[in-house]
Amino acid sequence: MKNPIENLNKIFDSRIRMGVMSILIVNEEVSFNDLKQMLDVTDGNLASHMVNLEENGFIKVHKGFIGRKTNTTYSITRAGEKAFKDHIEALENMIKGMK
Amino acid sequence: MLTLFYKVLFMDSQHPPLETLQDIKRMMEQSSRFISLSGWSGISAGVCALLGATAAQLRIVSYLQALRGDHTYESYYRGDTNSLSASAAALYNDLFLIAGITFIAAFISSFLFTRARSRRNGTSMWDRTVQRLAWNTVLPMMVGGFVILRLVESGFYGLVAPCCLIFYGLALVNASKYTLGEIRYLGYGQLILGIINLWTGGWGLYFWAAGFGILHIVYGAFMWWKYERQA
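Line by line, the protein sequences give chains D and C.
Here my numbering is used: the first residue of the first sequence is 1, the next is one more, and so on.
Here my numbering is used: the first residue of the second sequence is 1, the next is one more, and so on.
The hints are simulated quantities; they were obtained by calculation from the structure and are not laboratory data.
Predicted model, so just to flag it, every value in this text is computed and none were measured.
Any given hint could be a false lead.
Stated by the list, open to error - Simulated pairs of lysine-lysine, DSS-like, Cα-Cα distance not exceeding 25 Å:
| # | chain 1 | residue 1 | chain 2 | residue 2 |
| --- | --- | --- | --- | --- |
| 1 | D | K36 | C | K226 |
| 2 | D | K85 | C | K226 |
| 3 | D | K96 | D | K10 |
| 4 | D | K36 | D | K69 |
| 5 | D | K60 | C | K25 |
| 6 | D | K63 | C | K226 |
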């Protein structure tokens, strides 16, 4: 029998990483502060998850400035989009399989 | 047996798949759409529009009565032959005033209801989703405003009401991607009324009242019933 969870992506197990991907897939570019606010997490916590996603090649980081303050924004990569869609599909298949 | 299978499946993930999918959907929507638009805003805008339309209708009736009475008291007194066009100018002036007041009252009342709901939801009133919603609504309406201004300048008064409905309808359909999606159907309703009204010139005020008044109230009541009733 085919293992029903083989397509689930371990990286998206974390609620925060999954939240980041959900937001980035429908928004072209989102700033660190907006993500923080929407996911209701602390700076340090979010930053470590973002590094993880970036190292996996799922998101791209853009560093800019607004005046003197740094403004870091993120966008999703092709690979990230594909990985996230596969993950959702795997979740859907699990639900269908349970019925 | 089934529960065992279920448990094995989720041993290493804390969330069952259905909940996770619902979470994903919720975050996609919250991050890309402004969801605190209140049904009361629709109802209040509709009531303002009906009041405005009634005021305009009363003003038009008084103008027509003056027309029928050959000479108004004033023109008789002054022996003014230009009185008809003068009172027509006064009529348009008053109608614009009524339209302006109606628009401002509708805007302020809808803004207040939506701000109240936004506060209850704990969402910001000026984040990215609001900015995008505002721009995508204002753009078609601004273009419509220029078109209508030019129509008035050129004397095509009969096209003002249908153009209001059409450009507002397009603005709503455009806005539906950035807020609760049902507003699209309000937009379709305005578009249909507007297009019919292109060929039924004399009925402009009635179509206008139906679109901006009644459709708004129906939409607002539906949205309230669907999203805010229990809250």
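So, going through the hints one by one against the coordinates:
1. D:K36 - C:K226: violated, 30 Å
2. D:K85 - C:K226: violated, 30 Å
3. D:K96 - D:K10: Cα-Cα ~20 Å, so holds.
4. D:K36 - D:K69: With a Cα-Cα distance of about 17 Å, the restraint between K36 (chain D) and K69 (chain D) holds, given a limit of 25 Å.
5. D:K60 - C:K25: This hinted pair holds, its Cα atoms lying about 22 Å apart.
6. D:K63 - C:K226: violated, 42 Å
Hint compliance for this structure: hints 1, 2 and 6 are broken, all remaining hints hold.
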